[in-house]
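Undergrad: The primary structure of each chain is shown beneath.
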Amino acid sequence: MGGQAAGPQPSGAETIQKLCDRVASSTLLEDRRDAVRALKSLSKKYRMEVGTQAMEHLINILQTDRSDSEILGYALDTLYNLICNDEEEEQDESEDAVTPIPASGKHKNVSMPDEAMQKQSDDLGAQFTEQFIQDPEHITLILSLLEEFDFHVRWPGVKLLTALLKNQGVQVQGIILVSPMGVSRLMDLLADSREVIRNDGLLLLQQLTKSNAAIQKIVAFESAFERLLDIITEEGSSDGGIVVEDCLLLLLNLLKNNSSNQNFFKEGSYIQRMKPWFEVGDDNSGWSAQKVTNLHLMLQLVRVMVSPVNSPGASASCQKSMYQCGLLQQLCTILMATGVPADILTETINTVSEVIRGSQVNQDYFASVNAPSNPPRPAIVVLLMSMVNERQPFVLRCAVLYCFQCFLYKNQKGQGEIVATLLPSTIDANSISAGQLLCGGLFSADSLSNWCASVALAHALQDNLTQKEQLLRVQLATSLGKPPVSLLQQCTNILSQGSKVQTRVGLLMLLCTWINNCPIAVTHFLHNQENVPFLTAQISENLGEDERLVQGLCALLLGICIFYNDNSLENYTKDKLKQLIEKRIGKENFVEKLGFITKHELYSRAAQKPQPVFLSPEQMLFDHEFTKLVKELEGVITKAVHKSSEDEKKEEDVKKTLEQHDNIVMQYKDLIREQDAQIQELKEQVATMTSQSEQMQTTVTQQLSQIQQHKDQYNIIKLKLGKDSQSQANSQADSQVNGLQTEELSQLREDLEKLRQQHTLLQTQLSDKDALINTLKSETAEGSAASDNTEMLKELDALRSRVHSQVTEIDQMKTEKQELLRKAEAVSSEAVSSSDGSLDAAKMAEVESRLAAQTSETERLKEESKSLSKSRVDLDQQLAAATSTAAILQTEKAQLQTEVQESKKEQDDLLMLLADQDQKIHSLKQKLKALGEPVDDEDDLDARDQTDDDEEDDDED
Amino acid sequence: MAYAYLFKYIIIGDTGVGKSCLLLQFTDKRFQPVHDLTIGVEFGARMITIDGKQIKLQIWDTAGQESFRSITRSYYRGAAGALLVYDITRRDTFNHLTTWLEDARQHSNSNMVIMLIGNKSDLESRREVKKEEGEAFAREHGLIFMETSAKTASNVEEAFINTAKEIYEKIQEGVFDINNEANGIKIGPQHPTTNSTLSGNQGGQQAGGGCC
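Same order as they appear, the protein sequences are chains A and B. Position one of the first sequence corresponds to residue 121 (the numbering used here), numbered consecutively onward. Position one of the second sequence corresponds to residue 17 (the numbering used here), numbered consecutively onward.
Same shape as in the complex, but just chain A (with noise of 0.2 Å):
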């Protein structure tokens, strides 16, 4: 086992293994917690054996003696020694300390004075770090240990987990982030009251959301930028010392490349908390190595928000809200202030570069911020001066050539602001603008001045064909007498003249692309006729490794010089400058030597991303933006140069018939256009009527509820109706519901007319009665007999039969008026069996004829409907009027009754009369027999008289 170990010490294993014996076996805690403490201090001097060896012992006291805190400690400590592969700092208190005491800090690794032997030290912590999570219980044992309180246990277990996450970390992580609740019991860390664990606990995230965008999240989740700037703040931001930087670590991993946490911490209104760390004050001087390592990340920090590689909308967001909560200004302020380390200014300049790149917002208020200077100069002047300064550091030139690209970026108005400024009409003499400072460093003797301004000068005019004509205009001075240059002549001037690669090169850049995608500025190159001569020359020769770039370059701008040509010059239209190629160059030469640039070394490493970052002045040579313009361009100027005039015709040809294709297409697409728009609205109608069907269907509902109601209605009408009749002893009147009723109601009157006739021959032969009665009074008064009696008698019978007849009629009429009822109630049922429509609505296909059948349906429904509830009203009024008239007929026959009971009256009157008169009669007889007067038919009118009576009574019972 430790026989390799070279064993100068052969009992270090033996001892080694008697403590593990003692810690596997002896029953008394005391024992083992002697055995584990004195493993810990050998298992730095004996790591391997004691690793090797007590690795599993060590693990099954983590697991069993959970009790005792302190044996936990030692056996942690211990496994912590065996797996870190840092010389930290020592436990002191190990009684022999192997090692000496490094005297450096924690974060600072003590470079070993053997790198064999680091490693070693590195192959063994990679080794037992293997062994310790081949079962993955292990892990989850110490996050199990972590939730105890106590300091001996939690620390060290802390370290452990934090050495383990160092050496092993995707699989540490994997295992962390399935254990329930693992990633969130390692937060609480950081809640810990004792410094010393939050500190470490720090640590520990940082390894734990090293490159793990899942756990990330759930730190994220867990609020840890809420306490990470909340810990900051405490610490004093910037001013604070290394735990500042350590949350500033955490905060990066868990924001670089992490869009979503990115977007939680905008979200969470983060930015503006992030604001007053750049408050520094007015004395910038002696700043402290640590502020300035914490001011770094910081900046750091704002950059990652804002990096051109997140996606343009997330960034565009976070760019709108450090303007407005004013942590843009706040950084402009550093850029301008006095005394702030080169390194820090740099930083900061880069970072407002990213907070105003693409955003109009920022970028104009970056146009107007000024320098604190007499007279105030605006601070894109303050920093181009800083550019085409040869004695500014490479970086801080690089960051101000970064910032003033971004300041263009996507900016119209800030590219046409800094041409202006070499405008003749706009160029104020008195002070310095920006385009005199690009001019100056575009001729200056330093090559990377020139490169710069000639690079900041291609920004001013990407993508801006009003700008690259304006630029047309410029004219320079060159020297006294001579006439003006335009600045186009200038460019190519000096480059004929042979200056340094790095000066060529931007100037090329500069030419590509200002004349790319702009015919005007072509003729204008083309016009000078030493230009084409030039660039053949250049490109046909066979020159050195160093040329190639320039020579790729100038072909490029040769090809611009055909793509982008309008014929407009005889000597060099596209024809001639293509056959020029052929002659000089040759074909395949001029493409191959095209290939130079993107097969240059550096091109790529440009093409990557937009910020100009160089490792040294020399390989200053892309720019980002440049190389997209190259690939753009290299396919399309291939082609144009391979093909023949013969082939171009056939081309034009071939474009022409495919314009006629197109044009057919077109016809098609036009068509196909409209039929869309067509289904679209056919479409369209169909929801409407869709919606209208299921509008129709509701109102049928609606309909087929209220026709209920009103048949409801009807038959609480008709309930009632029948009553009526009922309570009516001989009502003529009663409610019909149908078509016969006209009749019926007409019957009735006629009914009432005859009774009304009846009525007043009733009336009539009563008066005659009175007459009669009259007369026989009169006759009686002469002493004669009755003479009319037996007459009267007669009419009173006929009287009586008719009342009688009457009484029939009246009950005929009554079971009349019941039939005319039942035919009513069938008609009505008729109605609403017959407005039963059930709808079927599916089929898309059927809904307009359905639609069409329910529409009428409906109609019909609602005519049918109406027409009901008009004959109800009607029947109402009927109704109400019959009543009335039965009322009349009623109080008419009360008083017709009351005249027979008078008319009977008198007549029982009369016979008193008769009777009377009778008497008179018989004692006058009698008195007249006395007298000796004979008297006829005595009896017989005697008997005629008696039974008349008889009959009168039995009629009044």
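Don't read these hints as lab results, they were simulated from the structure. Glycine included, C-beta positions come from ideal geometry on N, C-alpha and C. Be a bit skeptical, because a hint or two may be false.
[As the list claims (entries may be wrong)] Quick look at which bits of chain A chain B covers, simulated, 3 or more residues with Cβ under 8 Å:
no.: 1; segment: 300-309
no.: 2; segment: 341-347
no.: 3; segment: 376-388
[What the hints assert, rightly or not] Straight-line C-alpha distance at most 30 Å; calculated DSS-like pairs for lysine-lysine:
no.: 4; chain 1: A; residue 1: Lys703; chain 2: A; residue 2: Lys770
no.: 5; chain 1: A; residue 1: Lys440; chain 2: B; residue 2: Lys69
no.: 6; chain 1: B; residue 1: Lys69; chain 2: A; residue 2: Lys395
[What the hints assert, rightly or not] Examples of chain A residues toward chain B, derived with CB under 8 Å:
no.: 7; residue: Leu297
no.: 8; residue: Ala333
no.: 9; residue: Ala334
no.: 10; residue: Lys337
no.: 11; residue: Ile338
Given chain A's structure and the hints, the job is docking chain B onto it.
TA: Here is chain B on its own, set in the frame of chain A:
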């Protein structure tokens, strides 16, 4: 922006039920018919108004796939509200609700408000789960229920806002400990003073019930 309260939500449910689309519709008011599978968890946020108060919703949209389950479980504990989503055109997503609910109840704090959501209500023709079934499930497990369509935006606002209302009511009733951020609720930054008067007012409104 100033807010009176901040609520943390999670959205859970089977893969492909439209969780991310619901979130996108709520935060961005747009619908993306083609969506990548969510990897782990994605974040979204929006401000809403309840009872005249600005409430910030922070929403974590979780991956539905089984392989991410252990990761997404880490989000239950700190959430005040959960939207449990199924797809009305896929019965299996409805059948899995019990598992989801058990998981949520086990790992979350007991007061977490859970809103059951039957998504894709625009696909009526392909419906496999009746609305009544969703209602019954919600009733049985004490959840709020709603059918939504992330495509047509129908009920999407309501789903998020009604959940917030429920949480808000629970705060008013004193069920939630608003000072413990682990519950997924945070009081707004400038709020402490206004909050005390606010709770005082409520005491008054509730006829002094809470005062004694």
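Undergrad: Under 8 Å between beta-carbons, do enough residues of the segment 300-309 of chain A, three at least, approach chain B for the coverage claim to hold?
TA: holds (count 5)
Undergrad: Between A/Lys440 and B/Lys69, does the CA-CA distance stay at or below 30 Å?
TA: holds (25 Å)
Undergrad: Taking 8 Å as the limit, does the beta-carbon of A/Leu297 come near enough to a beta-carbon in chain B?
TA: Interface hint status for A/Leu297: holds (6 Å vs cutoff 8 Å).
Undergrad: Given A/Ile338 was flagged as interface, is its beta-carbon under 8 Å from a beta-carbon of chain B?
TA: holds (5 Å)
Undergrad: How does the coverage statement for the segment 341-347 of chain A fare against chain B, requiring three or more residues with Cβ below 8 Å from a Cβ of that chain?
TA: Check passed, 4 qualifying residues.
Undergrad: Is the shortest C-beta separation between A/Lys337 and chain B less than 8 Å?
TA: holds (5 Å)
Undergrad: Would you check whether A/Ala333 satisfies its interface hint, that is, whether its CB is within less than 8 Å of any CB in chain B?
TA: holds (7 Å)
Undergrad: Run the distance test for B/Lys69 versus A/Lys395: straight-line Cα separation, threshold 30 Å.
TA: At roughly 27 Å apart (the allowed maximum being 30 Å), A/Lys395 and B/Lys69 satisfy the hint.
Undergrad: Hint validation: A/Ala334 versus chain B, beta carbon distance must be below 8 Å. Holds or violated?
TA: holds (4 Å)
Undergrad: Does A/Lys703 pair with A/Lys770 here, judged by a C-alpha cut-off of 30 Å?
TA: Holds, at roughly 22 Å.
Undergrad: With a Cβ-Cβ cutoff of 8 Å, does the segment 376-388 of chain A contain at least three residues near chain B?
TA: holds (count 6)
Going down the numbered hints, you'll see the structure goes against none, and every one checks out.
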